[in-house]
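Once you have looked at the hints, place chain B on chain A.
Chain by chain, the residues run as shown.
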Amino acid sequence: MSKPSDLVQGTLHLLILKILALEPLNGWSISQRLTQVSGDVLQVSDGSLYPALHKLEQEGWITAEWKPSENNRRAKFYSLTRLGRKQLEKEAADWTRLSQAISHVVSLKKTAPEKA
Amino acid sequence: MRIEHWLYTIPLRLRSLFRRNQVEQDLNDELQYHLDHKTEQYISRGLSPAEARRTALRDLDGLTQRKEECRDMRRVNFIENLSQDLHYTLRTLARAPGFTLVMVLTLALAIGANSAIFSVIRGVMLRHLPYPNQDRLVRFFLTSVEYPKFPINAFDFLDFRARNRSFETMALMSRSDLQLSGVGEPQRLMAFRATAGYFHTLGILPQRGRDFDRSDELPGHERVAIVSDRLWRTRFHADPNILGAKIRLDARAFTVIGVMPEQMRHPGNEYRPIPYGDNVDLWWPFTFEGKDQRGNHYSEGIARLKPGVSVAAALAEMNSIMAQLAREHPDGDGGWHVLVIPLYTEIVGSNQRTLLVLLGAVGLVLLIACANAANLLLARAASRRREIAVRKALGAARSRLIRQMLTESTVLSIFGGLGAALIAVFGVKALVAMLPADFPRVNDIHVDFSVFAFTLLIALATGLLFGLAPALQSSRADINQNLREGARGSTGSARHLRLRNLLVTSEVTLACVLLIGAGLLLRSFVNLIQTDPGFRAERVLTASVALPNETYKDGPSILRFYNLLLARLQSLPAVHASGIGSDLPWTGYDDNVGGFVIEGKKPPPHENFHARYHMASPDYFRALGIPLVSGRFFNDDDNMKGHPVLIINRAMAKRYWPGENVIGRRVNFFEDNPKPDDKNWCTIVGVVGDIKDTPQKAGAEPAFWWSFPQTPFGFPSLMITVRANTDPASLVSAVRSSIQEIDPTLALADVRLMQQIAQANLSTPRVIVTLVALFAVLAITLAAIGTYGVISYSVSQRMQEFGMRVALGAKPWDVIRLVLSQGMKLATLGVVIGVFCALALARVLSNLLYGVSATDPATFAIVALLALAIAALACYLPARRATTADPIVALRAE
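These protein sequences, in sequence, are chains A and B.
When we follow the working numbering, the leftmost residue of the first sequence carries the number 8, and every step to the right adds one.
When we follow the working numbering, the leftmost residue of the second sequence carries the number -9, and every step to the right adds one.
Looking at chain B on its own, in the form it has when it is part of the complex:
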C-alpha cells in the first residue's frame, strides 16, 4: 500500500523539484485552459470579451494566490523555498561584504572558542576512563585531623582486604622506580609495586603472561616484573619470548612474568605522584616484609566496588573496620579515618572547576556574540524594512518572511561554524601545548567528530537564537507605514529600539562580568609570579639519580659515590655550586614525619609535632638559591662523626618556637623520652627561607633537613642540583658523563631546568588567565561593536534632527554630548548590572585566585571604568559623524 503510494508520488516530487519550469508551465496551461473556457462561456452568455475575462478571473479568486496554493500541494515547496531563500540570502550577503565578514568572523571566534573548550572538556571530563565499569573504581586513603589525605599502612590493608564486603577486589600500589641496565643505555623506569589484584581491580589484564597473585606478596618474592607494552616494544623489540626472561633491575635479576596491553593507563597517584596516563614502565610485587607494624604509610589503595554498592556504603564499612583496627592497634591505628573517593573524581576533580570556569567564560562570549549578531541583524532589518513591506504587500505570508530571515541567520551561523571548526582545530593544538604535561588526561584531548557535531549544533542553535528576535520583529512591520516612509528611512519604532538597547545593555553586562573575571585572574596571576618562590630558579639544572641497593649496600658506599660526584661537578668551570638533596621545590614532595620530640616543648593535646623531612648536602641550598635566615648551612664536618645537626625552615621555627631564637635548640626523632645526653639529639644550626608546596599554597609547611651523611635512612633516589655560571642546559652531558665515569650502570633521569619546574607550576593558572583574558577581550570588542552599531544607527536616523540643532546654533560639542549621553546611558546600566552579576558570581572564582579577593574593589573599579571608556570610544565615532550634519540638508528636507 505504502509502496504503491510512493510509486505515484516519488516521480511527481522529483518532477516538481528538478523539472520545475515544466511543472510551472503545466500549471499555467491548465489554469489558462480553464480561464479561456470560462471566458467563452461568459461571452456566450452575452458579456463583452473584456468583462467575461474579468469575471472568469474573479471566479478563480486571485490567480497568483491559487497558483501558490497549487504549488503548496506539491509538498516540495519546503525544499524549493529553502533553495530560493538560500539563493536570496547568498546574494544579499554578498552584496554586504562588510556586514557578512563581521558577522561570520565574530561568530567563528565565539563558536570556535566554545568548540575548543568543549574538546578539552570532552577529553578530560566527559570521556569515560578506559577501565571497564570505571564508575565502580575508587581510591582509598586515610585521613586525620592533621593529615587530610594520607597513604595506607600495608598491614592495615591486609585487614581491610580480609574483612570488607563492599569491594570485589582491592589492591595497594606504591611508587618504586627501578633502574634497568644490561640492555643498552641504563634507564630509570617509572615503576610501581602492586599487590595481587591490582590489574584485576583496574580491569586490564596482561596481554601476555600472568597477573600478580598472593604468592607474589610473600617476603622475598618481589623479583618478578610485569612490563608495559611500550617498554616491551622500545627496550625488548617486542620479543615474543620475553616471558621468563631475566632482566637487570637495580642490579638484580628479575623475571618477566607479563606484558601489559597497550591500553593500560596508570590511574594516577598521590604520594610521589605520577599523573594519570600511559607513563608507568613496569610493575613489581608489593611484598609484606617485616613484622606487623601500623606506623608506616607509603602505599595507596585502589579498589573496585561490588555491583550495586555505593561509595557511601563502602566508606561506612571501611570506617567501621578502621574503628576495629584502632581498638586492636591503638598505637598505630588510633585517630585515623578512611577516605573513599571515586577514581574519576580523584583524576579529574581538581581541574573540574577550572574547566567549568572556562566553559562559563566561553559561554558568555557566545551569548554576547549572539546578542551582537542579533543587533547587527536588527540594524540591517531596519534598513530593509521597505523591502520587507513590499514583499508583504505582494502577499508573502509572515511565516514565509520569518523563514527567509532565519535562513539568513542560519547561513551566517553555519559559515561561522565552518570558521569555528578551523579555529577549534588550531585552538585545541595551541591549548594542549599550553597545558602542563601533568594536567590530567591532557593526552585524551582531541578534536574529533563529536567536537564537529557540537560545533554544528552550537552554530545552528546560535543562528536560531540570534535570528529569531530580529525575524519576529521585522516581519511584524506595518506595511502601510513603511511603504509611506519609503526610502527616507524611518526612525525605528519604539519597540525595535527598545530591543536593540536591551541587547546592547546585556552585551555590556556580560562583557563586564568576563572582564572582571579576567581582571581578578590577572591580578592573581601577577601576584603569583611576583611572589618570591623562596628559591632562585634561573641557571639551575636538576636531575635525579638512584643508587641500586644491590651495589650500594651501606651508607658509606652511597656517601662515597656522592662525594665523588660532587667533587667532579664542583671542578667543572661552568658550575657555580652543586648539591644533593632528597627532593626539589614544587615537585609534589610531601613526606612527613610526625611524633618527634622537641626539647622543652609539649605538643598541643591530640596533636603531634610534625614536619616535612628532607635531606641536603652542604651546597644544596646555595645551588637552589634558598636564603639562609639565621645560623649556618651544613658543612663538611656535619658528617657521621660529627654531632647530629638540623636545618629547619622559617615556618617550622615560627610554628614550634614562636618568637624565640631557634639556633642551638634540639629535636629528637628516635626516643620518646630522651635523656638530655641522648646521642640522638639533633641540634638546629640554621634556619632557611620558606618554600611552599606549590606556588598557590597560602603558606609553607614546617620542614627540616638532615645533613646528608647523617640521614637516618636511605632515599630511593636523590636530586642533583647544579647552579651554573652559564646556560645550565649546556651542562647536561657533563653531568651525565661525571656520573657514568664513576659508575657506568647508572642512569641520569628527570633532567630538568629548575626554571622549567617553576614554569610548569604556573602553567595551569597561566592557561586560565590567558584564555579568560582572551575571551574578555573578545567580549568587550563585541560589546563595543554592538554599542557602535546601535549608536551609529540612531545617529544616521537622527541626522536631520542634528542638522536642525546645528542650524539653531548648537556647537559640535553639544551634539557630541547628546550622542554620547545616549550611548553612555546604556553602557552605564550594563556596567552596573555587570558589577552586580560579577559580585554574585565571585564565589565561583574564589578558589582559583591567589592573593586577591574575589570581590577586589580595585579590580571592579578599574574594569568598570575601562568598560565605560571603551563604550565612550564606541559612541564617539558616530558622535563625530553627528557633528557633520548639514543644516542646509535638514532645512530643505523639512
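If we strip away everything but chain A, and leave its shape as in the complex, we get:
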C-alpha cells in the first residue's frame, strides 16, 4: 500500500474527517477541497485519497450514499457518522498535543552545556 509520502502519517484521516465534518462531499470534491484549504503545502495525491476514504468507511467513521451531484451525475457522497465525530475529536486533540510538543522541541534555545 502506498503511503501518502508528502503527508505526516495518519494526518490524512484527520484532514478528511475534518472536511467532511463541515458538509457531506464526494471523493472528487474532497480532493478539490484538500488542495483548496491547504494550498500547496499539503499535497495529497489522488492515489492515496480513495483507499483512505474506503478505510474510513470500513471503520464506520464515515458513511457513503449515492446521490446526484451538481451536474446530475450520480456520485458517492461521504458524510461523518457519530463515531466519526468522536474519532475526529480524538485525532484533533492528539494532533494538537503532538504539534505543540513538537513546536516546543523545535523552539528550544541552545543552552551552554553545564560544567561538571
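There could be a bad hint or two in this list.
[Unchecked claim] Dumping the calculated DSBU-like pairs for lysine-lysine here, alpha-carbon to alpha-carbon at most 35 Å:
id, chain 1, residue 1, chain 2, residue 2
1, A, K74, A, K116
2, B, K57, A, K74
3, B, K591, B, K644
4, B, K281, A, K25
5, B, K669, B, K281
6, A, K93, B, K57
7, A, K25, A, K93
8, B, K57, A, K97
9, B, K644, B, K631
10, B, K682, B, K419
11, B, K591, B, K687
12, B, K592, B, K281
[Said to hold, decoys possible] If you want a taste of the chain B side facing chain A, the calculated C-beta under 7 Å gives, among others:
id, residue
13, T(-1)
14, H27
15, E30
16, D49
17, D51
18, Y840
[What the hints assert, rightly or not] Computed, partial: chain B to chain A, Cβ under 10 Å:
id, residue
19, W(-4)
20, L(-3)
21, D19
22, L21
23, H24
24, I33
25, R43
26, G52
27, K57
28, E59
29, C60
30, M63
31, H256
32, E260
33, P263
34, L512
It should be emphasised that the hints constitute simulated quantities derived from the structure, not laboratory data.
All residues carry an ideal CB built from backbone N, CA and C; glycine is no exception.
Just chain B now, kept in the frame of chain A:
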C-alpha cells in the same frame, strides 16, 4: 461503542461479500467520476483531451493498484481471496486428475495410517483408566533375586496394612473361580477373592448393596458375593431383589450382598492372569484362614496412595516394613523386597513400546508422504513457472502467490484427510480384530471425535509442511528469466533441483529405515513361527473343568471323576489321546515351588532349588504332542499305591543335573533333611521336551510334573486335552456331554483349540510385523514415486541434450546409464544414510525381536539391495524414455 461500530461495519462487510459485483461497480463509478472531473479540469487548463486523460490517470498513480488497495480496505479480502484461490485450485486440480489422485491417495494412506495408530494409542495409552484419581492407584508385589515379581503373602499383607502410612487404602485380590449352578446351565464364573477395601481402593463402589468389610475377612465368612452388573443382568434378569438372595456357587450357598455398577473394570492381574477389562463376574471375600505363615504367595496387592505421596516414598516405606518383617519372620520373609508399580504402568506398560514403535513407523510414513507431496508439487510448480511469472508481472504480491499455493497444498491435504478418516475407520476395525483379545484395553479403542480432530490437524499440518517449501521456492522465481524462457520449459534452477534431490534422498533414507525395521521384525517373526513350540497344536481341543470342593471332598472322589471322564473320552472314536493336566502351554501359568531337596545336591549359596510345578495324567503329554526325551511317560501304576514318580523337563535336567543321566534320581518336596528311605522321595522316571512360558522367551523354565493321582494337593481347576483324529472342534459337544453325563452340575469352561492358543500368543508380533511391513511397503512405494518423479522431470528437461548425444553417436545404453547414474547417486546416498539411521535406532527394536540381532548384517544388506533395486527400477522407466530422444528435434531446436 463496539456495537455501534458493528452497526456500520457488518452491513458493509456483508455487502462486500455477497454483493461483490455491485461493490465493484460502485468502486469503478466512483473512480471514473473522479477521473472525468480531473480530465475536464486539465482540458480547461488547455491540455488536449487525450493528454488530459493521461495526466489524470497518472495522478491516480495506477488505477488497478488503487482499486486493489481500496479492496484491501474492505477487510473481507482474505475471505474473498480464499474463495478465489479455492476456485482456482479446484479448477487446476481437476485439470490434472492423475497428479491429484496420486497426491490425495498417498496422503490419505499416510494420514489414515497415522489416525488409525493414533486411535489405538489414544484408547490404550492416552485415555485415563476409569478409576477416580487413577494416578494414585498402584499395584504391589514382592521381588527377590530369583523371582522378580512375586505374589504377596496374606499375613504379610495384614502387617503392611496395619503399619503403612503411605496409602489411603490397600487390598488383596486373588483369582478364585466359582461354578454357578442352580440357575440354568452351569457356568464357570471368573471370580476373585478380595479383602475389605478392594472396591474402595479402585474407587468404584457397588451400585446396590454393600462393599466387603473387615468382618468378611474372618475365617469361615467367605460365603457372600458381590456380582458384576453383567452377571446380574444375564443370569439374574436384573432382579431388583437380588440382595440377600442365595445363589449356588461351587455347590455351596452364597448370599448376594452387592451388585457392581456397569463401569467396574478388573484392573488386570499377574498370577493366573485375567487382563484389564470388564470380564470378572463375581467377587467373594478373601478370608485369612489358618495359622500365621509367611511361605505361601498367591494373592496380589493393589493400593491407593494418599494424596501427595509419591510412588518412591511409598516404596521406601513398604521396604522398611518388609525389613522389619524379615527380622520378625526370618524363615518366610527373608530375602524379599517390595515392588510398587503404578497401575497404569502395570496395565499399559508392556505394550507401550510396541505402540510407540508403530507410531514411529507411521510417523516416518507421514514424513515420506510429505516429502513426496512436496516433490510432486515442486515438479508441478516447475512446469507452472511461466504462469507464476505472468501473475507476478501483473502485480501479484509474493505473499499472495504463496497463499495461493498453500491453498492448493491445503486443499490436497484436506482431501487426503477425508480419505484418511475413512481409512482410519476401517483400519481401526481391522486392527482391533487382529489384536489378541487380552491386549490391554483393546476394547477402549474407538474412532471418535478426537481421532477425527487429530486427522484434520495432521492433514492441515501436512499441507503446510509439504506446501511451504514449494510455495516459497516458486514464488521467488525470477520474472524476466521465466518469461523469456517461455513455453520451452527451463532447466530447473540449481537451487530448485537441489531441494528436490534433498527430498528424494530423505525419502529413500526414511523408507530404508522403515524397510530395515520391517525386515528385522519379519525375520524375528519367521524365527518365532519356525521355532519348535515343544508341542503339536494341530487337532487338539482343550477345555477346563472345576470340581467344587463341596461335592468332591477328597482325592479319591476327584480321581474317580477324572478316570470316568478319561475312559469316556478315550472311547470316542474320534479321540486319538486324551489327558488331564494342571495347565496348558502358553497360557500364563507360572506356579513355582522352591526349596525342595535334590538327592546328593546342594543349592548354590543364597538360592533355592526351584521349578514350575505341574500335574499330568498318563496321556497328557501324548495328547499335546510333547515329546519324551528319555525314560517313560506316566502310566496307570503311578497311582496312590505306587511309588511317587516325577517327570521333569529338559531345562530342569540341565539346570540341576548337567551332563548326567537323570532317570532314577530323587527329589523330596516335604522333608528338609530326608533320610534315604523317606517315603516322600519322588523318583524321576522321564524327561520331556521344553516348552517356554511364551514363544518369545529365550528359554524354558525348569519344570516338573507330578503324576495326577500322586499330586500332593488339589488344583482349583484342571485342563482337559484331547487330540482328535478329525477336526477337534467337532468334539466339543461330545466332551461336554461326557462331563454332564457324569455330573450334570459341572460346567465346561475355556473351550479352546490348542491352535487358537498358539495363534493368540503370536498375534501381537504378527500385528506388529504386518503393520510395519505394510508401512514399509507404503514408504518404499512413495520413495519410488518420488525418485521416478525427479528423474522423469529431469529427463524431460534434458531431452534435447539426449537428442544431441544420440545425434553424436551415443548408444541407448549410454543414455540409460547416464540417467540411471543420476538417480542411483541419490538413492545410494539415501540408502547409506538410512542404514546409519537404522543402526542408531536399532536399540528401539531390540526387545521386540526374537532370534535376530537388531543390527543383523544380512537384513541390512538385503534391504539396502532391495531399496537400490527399487530405485533403479524407478529410474529405468524415465531412462528408457530418454533413449527415445529424437536427434532431429534436438538439432532443429539448437
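*Taking the closest Cβ pair, is M63/B under 10 Å from chain A?*
Constraint on M63/B satisfied, holds at 4 Å.
*Mind checking the CB of D49/B against every CB in chain A and telling me if the closest is under 7 Å?*
5 Å, holds
*Given the hint that K57/B pairs with K97/A, test it: the Cα-Cα distance must not exceed 35 Å.*
With a Cα-Cα distance of about 29 Å, the restraint between K57/B and K97/A holds, given a limit of 35 Å.
*Between K644/B and K631/B, is the straight-line Cα distance small enough, at 35 Å or below?*
Measuring from Cα to Cα gives roughly 30 Å; hence the hint holds.
*Hinted pair K669/B and K281/B, Cα distance within 35 Å*: 27 Å, holds
_Interface hint check: H256/B, Cβ to nearest Cβ on chain A, cutoff 10 Å. Holds or violated?_
64 Å, violated
*asked:* Quick check on the hint: W(-4)/B CB to chain A CB, less than 10 Å?
replied: Since chain A brings a Cβ to about 8 Å from W(-4)/B, closer than 10 Å, the hint holds.
*Hint check: is the beta carbon of K57/B less than 10 Å from a beta carbon of chain A?*
8 Å, holds
*Would you settle whether the hint for D51/B is holds or violated, based on the nearest Cβ-Cβ distance to chain A being less than 7 Å?*
3 Å, holds
*asked:* What's the verdict on K591/B and K644/B, does the C-alpha distance respect the 35 Å limit or exceed it?
replied: Holds: K591/B and K644/B sit about 14 Å apart, inside 35 Å.
_Check whether the Cα positions of K591/B and K687/B lie no farther apart than 35 Å._
Holds, because 28 Å separates the two Cα atoms, which is no more than 35 Å.
*For the pair we were handed, K25/A and K93/A, check the Cα-Cα distance against 35 Å.*
11 Å, holds
Hint compliance for this structure: hints 1, 4, 15, 18, 24, 25, 31, 32, 33 and 34 are not met, and every other hint is.
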